[in-house]
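Residue numbers (the numbering used here), protein chains in the order written: chain A, 123 to 341; chain B, 1332 to 1553.
Check the hints yourself; a few may be wrong.
What the hints assert, rightly or not - Simulated crosslink set (EDC-like; lysine to aspartate or glutamate; CA at most 16 Å straight-line):
{"id": "1", "chain 1": "A", "residue 1": "K267", "chain 2": "B", "residue 2": "D1455"}
{"id": "2", "chain 1": "A", "residue 1": "K267", "chain 2": "A", "residue 2": "D256"}
{"id": "3", "chain 1": "A", "residue 1": "K267", "chain 2": "A", "residue 2": "D293"}
{"id": "4", "chain 1": "A", "residue 1": "K267", "chain 2": "A", "residue 2": "E227"}
{"id": "5", "chain 1": "A", "residue 1": "K267", "chain 2": "B", "residue 2": "D1409"}
Calculated from the structure, these hints are not laboratory results.
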Amino acid sequence: MTTAPDWTAPPAPFAARDLACIRGDRLVFAGLSFDLVPGGALLLYGPNGTGKSSLLRLLAGLLPAAQGMLLWNDAALRPVSEEHRARLLYVGHVDAVKPALTARETLAFWAGLAGQADGIDAALGAFGLGHLADVPGRFLSAGQKKRLNLARLAAIPAPLWLLDEPSVSLDADSVALLALLITRHTARGGLVIAASHVDFGLRDAARLDLGAFIAPVAA
Amino acid sequence: MLAAFARLFRRDLRLALRQGSASSSVVVFFVLAVTLFPLGVGPETAVLAHIASGVLWVAALLAAMLSLDRLFQADFEDGSLDLLALAPLPLELAVLAKAGAHWATTGLPLILASPVLAILMQLDAGGYLTLVAAMALGTPVLSLIGGIGAALTVGIRRGGVLLSLLVLPLYIPVLIFGVGAVEAAIDGLTQRPQLLILAALSLAAVVLAPLAAAAALRLNLE
Chain A
123 MTTAPDWTAP PAPFAARDLA CIRGDRLVFA GLSFDLVPGG ALLLYGPNGT
173 GKSSLLRLLA GLLPAAQGML LWNDAALRPV SEEHRARLLY VGHVDAVKPA
223 LTARETLAFW AGLAGQADGI DAALGAFGLG HLADVPGRFL SAGQKKRLNL
273 ARLAAIPAPL WLLDEPSVSL DADSVALLAL LITRHTARGG LVIAASHVDF
323 GLRDAARLDL GAFIAPVAA
Chain B
1332 MLAAFARLFR RDLRLALRQG SASSSVVVFF VLAVTLFPLG VGPETAVLAH
1382 IASGVLWVAA LLAAMLSLDR LFQADFEDGS LDLLALAPLP LELAVLAKAG
1432 AHWATTGLPL ILASPVLAIL MQLDAGGYLT LVAAMALGTP VLSLIGGIGA
1482 ALTVGIRRGG VLLSLLVLPL YIPVLIFGVG AVEAAIDGLT QRPQLLILAA
1532 LSLAAVVLAP LAAAAALRLN LE
């Protein structure tokens, strides 16, 4: 497997204080706080609609928080800032794979956009995609597309991983690879926040039940 | 940052060339739309020559609009837009790169096709060079302003009609000065002011349209 490249930014404690999220006219969650130290993992769980994906998008800066703040290294951060974007990798539930681009082209594009030109084939290999490097996206299965999206984790060095249902449509071997990659990431001091219904082998992960932050029905 | 910009431009170019259809259908639409006029208004040289520049420009505007709805939508649907928004490259520059690739795959073919269609429309010989120059200066505005419309309607399925309603009125200045330049050249007047205004529109669009489109995309990503 790859020797991990250097961080774009060093890991630091990441925390949220009193976050609230509004989707449409609905308050999804409120009063949500957590603390994550370097090397820590946080597993978000809870029933559908409790805002796991929204929280991850909010932490990535794709969604503005209705209330509350995020802290990096004990300093408040602007979620849309360039520094924050540079330190995070977001894996959503759609895979950003183009039917007309090969697996290698897809990964090389995303890695290159982040200024990372090397280690593409190694990252593909890390997710068992080496033999599919020249296959266009339209011939990849759902699980293979997911692995291609996850391969960004191996290709681009960033301390904070935000993973939305990363184990969906993966086979058992790939889930194990993902768990291994996450373990190595945290062992180096990286931070992982993952939303998942199933426990995919995040050992020692703190758990956050989003069901506990559901806002009381309109007062 | 320049490298990332070039990378996105090349990727969109490559996607357009591999998928092929969008670029060629724009040109085919342009050719067909212009061809309808000799059939509709009759083949009299004087009539055709009189309406030639207007017809060419209107057909070019409509053709350029055809492919706009996919400018951001494919990236929006497959999650690429999330990643672009999170990439180190500012979203405004990403929009500019995508609009640039859109222009290279639609505007450029339109420019190349226009002199040929000008022959069909009996355009006065004095207008050819100016037509090409005006198209070269005006078509970037179509891709850039179109990008704002495409960004606003990115979350809407079948947003194509709404997109035309938003974008077509904004194309009017390009139409007026594009036709004006060609007419001036044919009449033996100077076409310089019209071409300069088209150039100014292009430059303003390069600066302002990405800001507006990126803001619209951010809203749609929420």
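Verification of the supplied hints:
For the given pair, K267 of chain A sits about 55 Å from D1455 of chain B by alpha-carbon distance, which is inconsistent with the 16 Å threshold. Distance check on the hinted pair: K267 of chain A and D256 of chain A sit about 13 Å apart at the alpha-carbon level, within 16 Å; holds. Using a Cα cut-off of 16 Å, the hinted pair K267 of chain A and D293 of chain A holds, with the two alpha carbons roughly 12 Å apart. This hinted pair checks out: K267 of chain A and E227 of chain A have alpha carbons roughly 13 Å apart, not beyond 16 Å.
For the hint pairing K267 of chain A with D1409 of chain B, the CA-to-CA distance comes to about 11 Å; that is within 16 Å, so the pair holds.
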